[in-house]
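A.B. asks: Hints in hand, dock the two standalone chains.
Just so you know, the sequences run in chain order D and E.
FYI, the numbering for the first sequence is 1 to 313, going by our numbering.
FYI, the numbering for the second sequence is 1001 to 1273, going by our numbering.
No lab work stands behind these hints: they were computed from the structure.
You may find that some hints are simply not true.
Said to hold, decoys possible - Facing chain E, a subset of chain D residues (Cβ under 7 angstroms, in silico):
| id | residue |
| --- | --- |
| 1 | PRO28 |
| 2 | ARG134 |
| 3 | LEU284 |
Positions of the beta carbon are idealized from the N, C-alpha and C atoms, including for glycine.
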Amino acid sequence: MTRRRRIDPALCFVAPALGLIGVFFLVPVVASLVLSFTDFDIYAIADARHLRLVGADNYATLLRDPRFCTALRNTLYFVLVGGPLSVAVSLGAALLVSARLARFRGFFRTVFFLPVVTTLVAVAVVWRYLYHPRFGLLNRGLALLGLGPIDWLGDPAWAMPAIILLAVWKNFGFNMIIFVAGLENVPERLYEAARIDGAGAWQQFRHVTLPMLAPTFVFVGVVTMIGYFQLFAEPYVMTQGGPADSTLSVVLLMYEEGFRWWNMGHGAAIAFVLFAIILACTALQLRLRGLKLGEREVATAPVGRRGAEEAGA
Amino acid sequence: MRRRAEVVLLHAALVAGAVLVLVPLLWMVSASLMPAGEATAVPPRLLPSAATLEHYRALFTRLDLARAFLNSAGLAAAVTLIALVVNSMAGYAFAKLRFAGRERIFRLLLAALVIPAQVAMLPLFLMLRELHLVNTYAGVMVPGLASVFGIFLVRQYALSIPESVLDAARIDGAGELRIYRSLVLYLCAPILVTLAVFTFMGTWNDFMWPLVVLADARLYTLPVALASLAGEHVQDVELMMAGAVLTVLPVVLLFVGLQRHYIAGIMAGGVKG
Chain D
1 MTRRRRIDPA LCFVAPALGL IGVFFLVPVV ASLVLSFTDF DIYAIADARH
51 LRLVGADNYA TLLRDPRFCT ALRNTLYFVL VGGPLSVAVS LGAALLVSAR
101 LARFRGFFRT VFFLPVVTTL VAVAVVWRYL YHPRFGLLNR GLALLGLGPI
151 DWLGDPAWAM PAIILLAVWK NFGFNMIIFV AGLENVPERL YEAARIDGAG
201 AWQQFRHVTL PMLAPTFVFV GVVTMIGYFQ LFAEPYVMTQ GGPADSTLSV
251 VLLMYEEGFR WWNMGHGAAI AFVLFAIILA CTALQLRLRG LKLGEREVAT
301 APVGRRGAEE AGA
Chain E
1001 MRRRAEVVLL HAALVAGAVL VLVPLLWMVS ASLMPAGEAT AVPPRLLPSA
1051 ATLEHYRALF TRLDLARAFL NSAGLAAAVT LIALVVNSMA GYAFAKLRFA
1101 GRERIFRLLL AALVIPAQVA MLPLFLMLRE LHLVNTYAGV MVPGLASVFG
1151 IFLVRQYALS IPESVLDAAR IDGAGELRIY RSLVLYLCAP ILVTLAVFTF
1201 MGTWNDFMWP LVVLADARLY TLPVALASLA GEHVQDVELM MAGAVLTVLP
1251 VVLLFVGLQR HYIAGIMAGG VKG
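Here chain E stands alone, though its shape is the one from the complex (with noise of 0.2 angstroms):
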């Protein structure tokens, strides 16, 4: 009799939890559909009257919050492509290759990762405008194209490449490069696929850095320009909740398609080590 007593009060609990994290996020998609005017009805409803894709219509033509998600998907993406190559390659080098000063390189990047990046913020904006990137895409792209987590985590799974398969390819006569390119991107793929996810949502989510750097509200980001919007329309309650959905929708479906690949990321950043 304990043993179900105790299995419903952890299932009460689970579902109370679960509840509790929804509840922001079903209301969010509920009020992006409600007719103007009735996310503010009081007392508060929790389903539209009729649901209506009028505000997201609005998002797309009034607003012009298409070319904020186009900027959004187009950075994200090249941010994610050029970051694969850079980390991936370096990661490699760490773990495999030998060069000097290799883990005394290795281990500075690691300290490197206690420096909060807006120590770094002023400086690069200064310099940045010096080279006529301020407001521009590859001005917000610049800080998220290499990283030393990214380094970590390819070395990480690289160091469990054995050296038998890759003096295999040396003996037979191939390059660095080559090996690098046929045989260690297709043995850390699924690394790679971690990063790529890591990666992508970390700049389609980051917020400080394109605050900063970007001026046009043409070259806006999806949360920079949310932000803005929420400034100007702290009235239209609903459309705003359809740019809170469009903004978090392509993220929550790309971890829930993923979310293997993101969980052992935090694992091989966080626990293994």
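Extracted from the complex, chain D is given alone in its bound form (with noise of 0.2 angstroms):
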């Protein structure tokens, strides 16, 4: 057997992106999940050898924690709330700039997009002006109508749609652009047949167009619940995950527990916990998709998928 010597020059091609995500992305994953089983804290820090292994401990006086438990909820709303809130929003927003009657189509999507490339804490920052209880634009608004004053960022039950209200306006455009891209490939035959079988606009929507958006859905359902799963600049530079721990998201949490106390393997632990929610949704996601639509369809949106099979299953 002969071997040569030389090494492969494509090797040398992948070594240096490999090298970087395998050490400080891949090395750090695994051992973020032997941390999870460790006591590592401030003390850990100085000296090494305070370190103890402590099994399961870490899980389990999470599910005791009602901080945690607060965090888990709250994360919840925003995702099941705000991520179809979200999505909804983009749909509405993509069928208007695709709308074959309507004019300056390109301006319009341009200024739809705008929010999604601007600085999340900078317009945190503006946006929580905006909800001022006294000066702000939004209660000015509700004013006009006849409406509030609502004390968004202070009142518990107001604080998360806040954030959600923030989010979406933030987060559409990016959608709408997918889904843009979805509807222009829906052949225009299929409008013809069914306007020629007698269905109105609202049927068309129905019949043609949602059904052939189906594998669009598959990745901005999972694109985004992903994202959103992952709050933190919102509440941390508007709430601080207040009031009354109204906005505490997990990943807050998991910084505050981390990298604000040091307790490095209670951080850890949080940060799995959360993995483990995301990949759980991601396959329930495409299981639920998958079944109704066939492999054809789910396999214009590989990234996810194939993802989450590799992964997960």
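C.D. replies: Listed below in structure tokens is the structure:
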């Protein structure tokens, strides 16, 4: 058997990227799992001899920790209300900017997309003032309609809706673009056929547009959900998790535990619980849609699907 | 007649949507130009009584936000440059070069996309601490240098390079590195612009990791500096709005200038796959 001495040049091409991803992402992910089974804290940072394996203690503590349960509930609220709302607004905007009767479509598309590229921290600072109960524009607008005033960020019942509203405003343009592409792929003859059968605008939407967008929904749904589970900057800047922990998210709690109190073992356990939930929800979404859709259509969104199968099932 | 009503309704909805989207951004700009105290007037003002640039001046003189601006710009540029090289090499190799385990490694990389970045953060911080990279520019940069998305983007594009072009170059005696440098980079130029825009904006806008890894205020990026100012200067609305404009404006201009490439990237990543 003869082996070539020379290193395969292809390996030199992938080595820098794989090395960086391996060392600065995959290794830490595995280390994080190990960390979550230790009591790594501020003493262990000073001297690693203080480190002990504690088994699943961190996870058991989490389940009993009322703050973690609050954070989980808040995050689920954000994902389950904010996610669908976000997707619905995206679809609505996509239908508007792709309407054949609409003029200046490019202009409106750009405007609707603008919030996506803005810096989250900066717009969170802006929205904090828009939400101000006294001089904020939002309450001013509501007053014109005879509503309010609402103490958006000061009232535990309104703080999360306020953050959802900001998130929808900031993010809907991204999914809108994906829906626009999906709409362009719907063959015109399907609409013609529907019209010949006497279908009105709503029926065309219900029986042609929506089914044809099914693969787009899978992609948009999975990507939006994964992103929304990682809620952090909005509450960090606008409410610091308050009032009364009503906007405390899982990632914000992980940040506080890990980087403010240096309970790294505890923080790692939080991160892994979040990861497990994301994985389960991704698998669930794909399973639900996958059964209805059939392989060919799902294959148009390979990132999410393959990713989940590989890592999950 | 009915069609006419439809057209009017459609445009009313479009304009209403555009107003709702733009109001927060326009108010940000307007408030940043108001004399101190005017943005908190009751009832709220929409436009400044007399536009002033004093808050922008204060950002650069009193608050040293120019430094944060340069930090952000420098970091985003450096990450973009390195990411372009690293990801384009890997993306090209995954598309066109043969090596053992190519498909399996690529599928593994795609699988890693579902892992949230936060999972890696705690150990990464401890690791960088051992390497004395915490509270350095390099520490901010490392997680963004190579990205699965970037590799994926270039690979999908590079798949369309005809094999015959590469073979012709090989027959002419060009080495693989030479082919990559003088042929592949040239052919992949459109997607590299896309990747550059994405990477630059992503680094510029990133918040959580710089917040974690930077302790020294002189190294802060704009979002981190802005978040820290927002805590201290809650009352100075106009000043904070000027800071927000300074943070948002570069990426918005970049997007408006290069939006064709940016949108192309979303399509490539999202739809065509």
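A.B. asks: Work down the list of hints and note, for each, if the structure agrees.
C.D. replies: Against the structure, the hints come out as follows:
1. PRO28: Because about 4 angstroms separates PRO28(D) from the closest Cβ in chain E, which is inside the 7 angstroms limit, the hint holds.
2. ARG134: holds (6 angstroms)
3. LEU284: Nearest chain E Cβ about 13 angstroms off; hint violated.
Hint check: a violation occurs at hint 3 only; the rest are consistent with the structure.
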